[in-house]
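*Asks:* Residue numbers (full-length UniProt numbering): 1 to 371.
Don't read these hints as lab results, they were simulated from the structure.
Worth double-checking, as some hints may not be accurate.
Claimed, not checked - Calculated lysine-lysine pairs in the PhoX-like style (CA-CA distance at most 25 angstroms, straight line):
no., residue 1, residue 2
1, Lys-183, Lys-264
2, Lys-325, Lys-264
3, Lys-81, Lys-264
4, Lys-43, Lys-103
5, Lys-262, Lys-325
6, Lys-262, Lys-183
7, Lys-300, Lys-336
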Amino acid sequence: MTEQRLQVESLKKDGGFSYPIVFEKDFSALAREIAGLNRKGRKICVVTDSNVAPLYLENVRQALEETGQTVTSYILPAGEKNKNLEQIQGIYEHLIQEQFDRKDLLAALGGGVVGDMTGFAAATYLRGVDFIQIPTTLLAQVDSSIGGKTGVDFKQYKNMVGAFHQPRLVYMNVSVLKSLPEKEFACGMAEILKHGYIRSREYSQWLDWHQQEISDRREDVCLEMIRRSCVIKKTVVENDPTEQGERAVLNMGHTIGHAVEKLKNFTMLHGECVSVGCAASAYLSLKKGFLTQQEYDYVKNQLRSFHLPVTVDGLCGEEILAATKSDKKMENGKIKFVLMDTLGHAVVDRSLSDEELSLAIGTILAKEETP
1 MTEQRLQVES LKKDGGFSYP IVFEKDFSAL AREIAGLNRK GRKICVVTDS NVAPLYLENV
61 RQALEETGQT VTSYILPAGE KNKNLEQIQG IYEHLIQEQF DRKDLLAALG GGVVGDMTGF
121 AAATYLRGVD FIQIPTTLLA QVDSSIGGKT GVDFKQYKNM VGAFHQPRLV YMNVSVLKSL
181 PEKEFACGMA EILKHGYIRS REYSQWLDWH QQEISDRRED VCLEMIRRSC VIKKTVVEND
241 PTEQGERAVL NMGHTIGHAV EKLKNFTMLH GECVSVGCAA SAYLSLKKGF LTQQEYDYVK
301 NQLRSFHLPV TVDGLCGEEI LAATKSDKKM ENGKIKFVLM DTLGHAVVDR SLSDEELSLA
361 IGTILAKEET P
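Given the sequences, and given the hints that come with them, work out the whole structure.
*Replies:* Here is the structure:
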């Protein structure tokens with residue numbers, strides 16, 4: 001039976017801090033979990049978006065009202081294009097009008113965009129208020145809801161403005177996955193597969209063994225999958241809460257992925273871009289002698305088997321390479337690129353040349369070259 005709780009240990013300026021990740025099959029335990037935060041008599045603002053609100057806002061509102069607290073809501077327009085400071089101002093205005101103070105609570109109900117924006121608003125409103133994550137996409141459940149990274153896009157630069165602000169609670173309701181479109185579910189699988197590549201070959205094999213049950217969205221298997229991914233992410237985050245070292249391995253596939261995402265004007269979903277970036281990373285790992293040809297082929301075939309792309313069309317290599325140079329993870333003019341030094345373990349490489357990157361980018365362009 002899947003454990004229903006994980007505890008994430010983190011650090012704050014004033015000492016130790018931890019928060020639970022709770023795994024459930026509905027929202028019925030949400031009131032109990034909120035009551036455990038000792039917020040009696042305080043206000044809660046549920047921040048969600050125009051896609052999620054019709055599906056789950058009323059259920060979550062009813063669950064939260066069982067705590068006896070005042071519950072308000074603020075609905076953002078859905079989509080990455082709305083992940084900006086202008087929309088954050090709307091959250092601030094709502095909180096001011098509803099007289100929220102530092103002891104009140106925000107709740108992020110939605111995918112990664114909602115979680116990032118709510119977390120950033122919580123980090124900056126009155127110099128910091130608490131918030132909880134109630135992720136409704138597979139991608140958010142295994143990635144953005146854990147670890148305390150919050151932020152918004154600035155013009156065309158993804159997540160360029162942000163803050164580290166840990167949630168007080170992450171509440172996973174696996175039943176929400178039933179309403180996800182196939183492409184959105186596949187996007188979450190990109191981050192899940194990445195977790196296997198960076199820290200657990202055994203997990204990659206487990207995903208292969210349970211592929212049909214995952215595709216069928218069997219609740220017990222999906223719950224175990226999400227828990228396993230959360231264990232990997234929480235372990236890396238605990239070791240490096242503010243991304244000074246090891247945590248950078250979680251960015252596997254993201255340097256080239258973010259460049260593609262930006263150049264495609266967000267017409268490709270985030271997970272699709274990460275998948276393409278992972279394919280490029282695997283190629284460079286092959287060329288460095290870290291992966292065998294068989295292992296490189298395994299990564300690409302596994303990504304494809306979960307309905308993810310390993311190539312992109314409509315772009316040229318030169319513009320992808322140039323876009324990687326504006327990545328916020330640049331350090332002293334060098335790209336921090338994540339490679340696998342073996343299948344199931346990743347490291348950060350700062351030595352890649354433009355020529356090597358260009359070769360890798362060439363393999364993900366629509367007419368894929370055989371190395």
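*Asks:* Taking the hints in turn, state whether each one holds.
*Replies:* Verification of the supplied hints:
1. Lys-183 x Lys-264: Judged against 25 angstroms, a Cα distance of about 17 angstroms means the pair holds.
2. Lys-325 x Lys-264: 16 angstroms, holds
3. Lys-81 x Lys-264: 13 angstroms, holds
4. Lys-43 x Lys-103: Holds. Lys-43 to Lys-103 sits at ~8 angstroms (cutoff 25 angstroms).
5. Lys-262 x Lys-325: 12 angstroms, holds
6. Lys-262 x Lys-183: 19 angstroms, holds
7. Lys-300 x Lys-336: Distance of about 22 angstroms is within 25 angstroms: holds.
When held up to the earlier numbered hints, the structure conflicts with none and fits them all.
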